[in-house]
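Next come the chains, spelled out residue by residue.
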Amino acid sequence: MPNAFWCIVEDDRNGSPKKVMAEVIGEAARLAPGRVEAVWLTDKASEAGLKQLGEWGASRVLLLENAAFAPYRSEVWTAAAADLAARESPAAILAPVTSRQREFVARLAARLGVGLAADSVRFAMEGDKLVATRPVYAGKLLSKVTWAKSPWVATLRPNVFRPAEAQPGKTAAVERPSLSAPGAQMKFVERREEVSTGLPELTEAETVISGGRGMKGPENYVILEELGRVIGAAVGASRAAVDAGWRPHRFQIGQTGRTISPKLYLGFGVSGAIQHLAGMRTSKVIVAVNKDPEAPIFKIADFGIVADLFEVVPELTKEFKKLLEK
Amino acid sequence: MKILVTIKQVPDTATQVKIAADGKSIDTAGITWIVSPYDEFAVEEALRIKEKRGQGEVVAVSLGPDRVKEALRSCLAMGCDRAIHLNDAAWSAADTLATAKALAAVVKQEAPQLVLCGRQAIDDDMGAVTAQLAELLGWPCAYWIMEETIDTDGKAVRAARQVEGGLEVFDLPLPAVLAAQKGLNEPRYPTLKGIMGAKKKEIRDVKAADLGIAAEPSQLSVVGLEALPPRPPGRIIQGDVPTAVKELVRALREDAKAI
Numbered sequence: 182m183p184n185a186f187w188c189i190v191e192d193d194r195n196g197s198p199k200k201v202m203a204e205v206i207g208e209a210a211r212l213a214p215g216r217v218e219a220v221w222l223t224d225k226a227s228e229a230g231l232k233q234l235g236e237w238g239a240s241r242v243l244l245l246e247n248a249a250f251a252p253y254r255s256e257v258w259t260a261a262a263a264d265l266a267a268r269e270s271p272a273a274i275l276a277p278v279t280s281r282q283r284e285f286v287a288r289l290a291a292r293l294g295v296g297l298a299a300d301s302v303r304f305a306m307e308g309d310k311l312v313a314t315r316p317v318y319a320g321k322l323l324s325k326v327t328w329a330k331s332p333w334v335a336t337l338r339p340n341v342f343r344p345a346e347a348q349p350g351k352t353a354a355v356e357r358p359s360l361s362a363p364g365a366q367m368k369f370v371e372r373r374e375e376v377s378t379g380l381p382e383l384t385e386a387e388t389v390i391s392g393g394r395g396m397k398g399p400e401n402y403v404i405l406e407e408l409g410r411v412i413g414a415a416v417g418a419s420r421a422a423v424d425a426g427w428r429p430h431r432f433q434i435g436q437t438g439r440t441i442s443p444k445l446y447l448g449f450g451v452s453g454a455i456q457h458l459a460g461m462r463t464s465k466v467i468v469a470v471n472k473d474p475e476a477p478i479f480k481i482a483d484f485g486i487v488a489d490l491f492e493v494v495p496e497l498t499k500e501f502k503k504l505l506e507k
Numbered sequence: 000m001k002i003l004v005t006i007k008q009v010p011d012t013a014t015q016v017k018i019a020a021d022g023k024s025i026d027t028a029g030i031t032w033i034v035s036p037y038d039e040f041a042v043e044e045a046l047r048i049k050e051k052r053g054q055g056e057v058v059a060v061s062l063g064p065d066r067v068k069e070a071l072r073s074c075l076a077m078g079c080d081r082a083i084h085l086n087d088a089a090w091s092a093a094d095t096l097a098t099a100k101a102l103a104a105v106v107k108q109e110a111p112q113l114v115l116c117g118r119q120a121i122d123d124d125m126g127a128v129t130a131q132l133a134e135l136l137g138w139p140c141a142y143w144i145m146e147e148t149i150d151t152d153g154k155a156v157r158a159a160r161q162v163e164g165g166l167e168v169f170d171l172p173l174p175a176v177l178a179a180q181k182g183l184n185e186p187r188y189p190t191l192k193g194i195m196g197a198k199k200k201e202i203r204d205v206k207a208a209d210l211g212i213a214a215e216p217s218q219l220s221v222v223g224l225e226a227l228p229p230r231p232p233g234r235i236i237q238g239d240v241p242t243a244v245k246e247l248v249r250a251l252r253e254d255a256k257a258i
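Top line first, the protein sequences correspond to chains A and B. Under our numbering, think of the first position of the first sequence as 182, with each following residue one higher. Under our numbering, think of the first position of the second sequence as 0, with each following residue one higher.
Bound conformation, chain B alone (with noise of 0.2 Å):
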C-alpha cells in the first residue's frame, strides 16, 4: 500500500517570533523549524500501516522554500521511504486552498491509496488542507482521529474521529484522507541508522510547472500581521491562604465580574 504524508515545517512553539518588514509576514533569522507536531502522528500512522502489513511506500510531501528540506529528512529518518519537495516561488504566499490543490496534483501522479495529514498546522492553525485536499480529490475524509484499522484486502478504513462528546467511527473506502489528532500514537524518535539512512534517500523538488499548476494569486491574503495588546497588569494577592482566598473571591464576583 503506497501512502503519502503532507507535512509542514514550522517555528518551534518556544521560538520568538517577530513581524517582519513588510509587516505581513515574520522575521525568519534565528528562528529554529520542526515538523508540525500533528504532522508527526500522522507520519508515525503511515510508518505503523506499513509494518503492520508488511510492505508499502510511505512517501512525505510538503510545500515551502529550500529550509523545508531539513524537515522533510528528518521524516525519512522517522522512516520514510522517500519525499518530495514543492518548492517554488509561486507559492510563496500560498493560502490553505493553493497548498491543497498543488497537494492534489501530486496525489493525481503519485496514486496513493491512503492519504495522512495532521490535524492543523501549529503557525497558522488554519486546520483547512486536509479537508480541501479531500474535496479537491473528491476522496472521504475523517477529521481529528483518534484511532484507525485498515481492512486486509486494503479496500477501506476503518477510523474514529473525535468528536464534542465521544468518538464517532466510519468506515471509508479508499483512497480516502484522514486528518492526525493528538493521542493516534506517540511518534518514534529517528534512530542513528535512520538518520544516517535518511541521507541517501530521494528528496524530488517540484516545481509548479511540473504538475501543470498555473501561477493564480491567493484567494485569502494576509493584510497584515499585530502584536498582541497588552494586557493590563494583573495582581499577585498578598497574605495568608484563608485571606488572599477571600479576597480573590470578593474581587472576582465585585471587580472583574467574572462569577
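Isolated chain A (complex conformation) (with noise of 0.2 Å):
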C-alpha cells in the first residue's frame, strides 16, 4: 500500500521476530495509524512469527522469504528491498537499532537517495513532515532533523518506545512478493558463537547492571553475574574496565561501545565519565553504587549508595532474592 510505514523486521535468526518489533511496530502505529506494515527479509520465517507481528498491529506483512537473505549481507538486502520500496512507495521506513539494521537501513537510503536518521530516541508528525530526535555530541544534546523527501528512512533505538500491545487474534495479511534472488559479492565463511554468560544480551535487556573500575579486577564480575542471574540483567562494563582487559569489548557500554536504555541500570564502581554516560543516559531509572560521594554518576542517577560495592552487591543479591521468592 503507497504511504505505508514500513517496519523491518529483526529476527532472531531461528523465524522469530525480536521483541524489539514491537516496539518499531508500535511507533509506527501511532505516527501512521492503520498504515503499518512488516517487511520480514530472511530464510525462513515461522508461522507464529507472522502471526506474533499481526498480534503486534502489523496490517500487511510483506514477507522475502529466500536462502540468499541469510546470515544478512548488506548488498543482497539492499537490492531487495529497493526493489519492493520502488513497487510500493511507503511513506517510512523504520528499523530498531542492531548492528545489522544500521548497515542495512544506510545502505537502502544511499539507494533510494533519501535521508537517515540514525539511533532514533522520539518521533513527530508535523504537518505532513515526519521529524525525528536523536541524542548526538556523546548524548549531550539532542538533534531534531527531517527529510527533504520520503521514504523517510530511521532507526530506533531499543527500549525506548513503548511497545505495542499483542492483540490475540488480530492478524496481518501475509504476502509473499516473487523477486529474483540477488547475487551476492560476499561469501559467507563461518558464525563464532560468543560463549554465552546465560544473561541476556547487553542491547536488549530491560535491567543492565555496570561494573566499573571500582570492581578492582576481572574476578570481580562473578558476583555482578550473580546478581544479574537473579533479576534476569545482562552485565556489562565501563571503558575503563575493557581497557584494562578485564572484560571483552562487547561488553563495554558507552561512546565506543554499546549503548543501552534499560529500564532499570545499575552501576558498581563505575564513576560516570561523560563517555560512559553517552551509552546509559537514556536509561529509565539509574542506580549508582561508589565509594566516592564526588562521582559524576551521582549527578544523573536517581538512587544513590555511597559504600563500597563489595558490600553492597552480596546484600543486593540477597534482598532481591528475598523478594523475588514472595
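Don't read these hints as lab results, they were simulated from the structure. Predicted, not measured: the structure shown is a model, and the values here were computed from it. A portion of the hints provided could be inaccurate.
In the DSSO-like style, the derived pairs of lysine-lysine whose C-alpha atoms are separated by at most 27 Å in a straight line are [stated by the list, open to error]:
#1 LYS325/A <-> LYS23/B
#2 LYS17/B <-> LYS465/A
#3 LYS107/B <-> LYS1/B
Join the two chains, each given in its own frame, into one complex according to the hints.
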C-alpha cells in the first residue's frame, strides 16, 4: 500500500521477530494508524512469527523469504528491499538499532537517494512531515532532523518506544512478493558464537548491571553475574574496565561501546565519565553505588548509595532474592 | 596496495558543547578537536596492512572546514602517506549521503583496492557513511569488523564482523569497504619522527567542482538542537549498608516500579 510505514523485521535467526519489533510497530502505529506494514527479509519465517507481527498491529506482512537473505549481507538485502520500495512507495522505513539494521537501512537510504536518521529516540508528525529526535555529541544534546523527501528512513533506539500490546486474534495479510534472488559478492565463511553467559544481551535487556574500575579486577565480575541471574539482568562494563582487559569489548557500555536504554541501570564502581554516560543516559531508572561521593554518576542517578560495592552487591543479591521469591 | 581511509574531525568527548546562535549547530569556540576514535582504528589497520605487505600507499581523506587539516596532519603523523581534504563551503551542511557522494567521487579518482572507515563518528553518531559509500560504489561492505586478513595476491579480504551473539566471517572480493569496530587493533601514537615527517607530506585541497559534483540540498537536515531535559533530582540513600540496600530495593519496587 502506498504511504505505508514499513517496519523492517529484526529476527532471532530462527524464524521469529525479536521483541524490539513490538516497539517499532507500536511507534509506527502511533504515527500512522492503519498504515503499518512489516517487511521481513529472512531465509525462513515461522508461522508463529508471522502471527506475532499481526498481533502487534501490522496490517500486512511483506515476506521476502530466500536462502540468500541469511546470513545478512547489505548488498543482497538492499537490492531486494529497494525493488520492493519502488513498487510499494512507502512513506517511512523504520528499523530497530542492531548491528545489521544500522548498516542495512543506511545502504538502502543511499540506494533510494533519501535521508537517514539513525538511533532516534522520538518522532513527531509536524504537518505532513516526520521529524525525528536523536542524541548527538555523546548524548549531551538532542538533534531534531527532518527529510527532504520520503521514504523517511530511520532506526529506533531499543527500549525507548512504548511497545505495542499484542492483540490476540488480530492477523496480518501475509504476502510473498516475487523477487529474483539477488547475486552476492560477499561469501559467508563461518559464524563464531560467543561463550554464552546465560544472561540477556546487553542492548536488549530491560535491566543492566555495569561494573567499572571499582570492580578492581576481572575475577570480581562473578558477583555481578550472580546478581544478574537473580534479577534477569545483562552485565556490562565501563571503558576503564574494558581497557584494563577485565572484560571483552562486546560488554562495553558507552560511546565506543554499546548504547543501552534499559528500564533499570545499576552501576557499581562506575565513576560516570561522559563517554560512559553517552551510552546509558537514556536509561529510565539509574542506580549508582560508589565509594566516592563526588563521582559524577551521582549527578544523573535516581538512587545512590555511597558505600563499598563489595559490601552492597551481596546484600542486594540477597534482598532481591527474598523479594522475588515472595 | 592502495588503501583509502576516511576520517572525521569531532569534538573531544570531554569538551562542553553549546548550541550556537542559529539553534542548529554547536558553538565551536573553545572546542578541542580530535580524530574520531573509530577512525583511528581504521587508520591503524590500514598502516598494518601496508607494513605487512611491505608496500603500498595509505591515503587519508576527510571532509570539513580548514580546521580539519589538523586531524589529517595527525593521521599523516601516524604514518599515512598523503591526505585529501574535501574543503568547500558547499559541503557545510552535508548529511551522510552528501558526504558519501563526495567520498565516492574521490574513491573513483584514486581507485584504491580497499576503503577503511570507522564504525561511526562520535559527534552525530549516524554510522551511515561507510554503508552509503559502499552502495554508491557498488562494492561489498562489512560493518563492525573485529579482524581482517587480505589474501597474499591482494584479491580478497576475509573479515570478521561483530553481530549480536558472536562474529560472522565473510570473504569479500576487493575492492571492498570495511568499517572498523573497537577491538580491531590498538592505534599507535605518532612518534616525534612521524610528527616532523608529517609536515612535509601533501594535503591536497579538493573542491566540489574538482570532483564534478553539483551542489544539491541535503536529504536530511537539522531543524534544531535542544538541551537534554533535566533529570529529576536523585536521592542518596543514607544509613549502613544493610539498611540502605533494603530501602533501595523497596524504592525500586514500590516508588520507581523498576523491578
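Results for each hint:
1. Our distance criterion of 27 Å between C-alpha atoms is met by LYS325/A and LYS23/B, whose separation comes to about 9 Å.
2. Note on LYS17/B and LYS465/A: the hinted pairing holds, with a Cα-Cα distance of about 25 Å set against a maximum of 27 Å.
3. Of the supplied pair hints, the one linking LYS107/B and LYS1/B holds, its CA atoms being roughly 13 Å apart against a limit of 27 Å.
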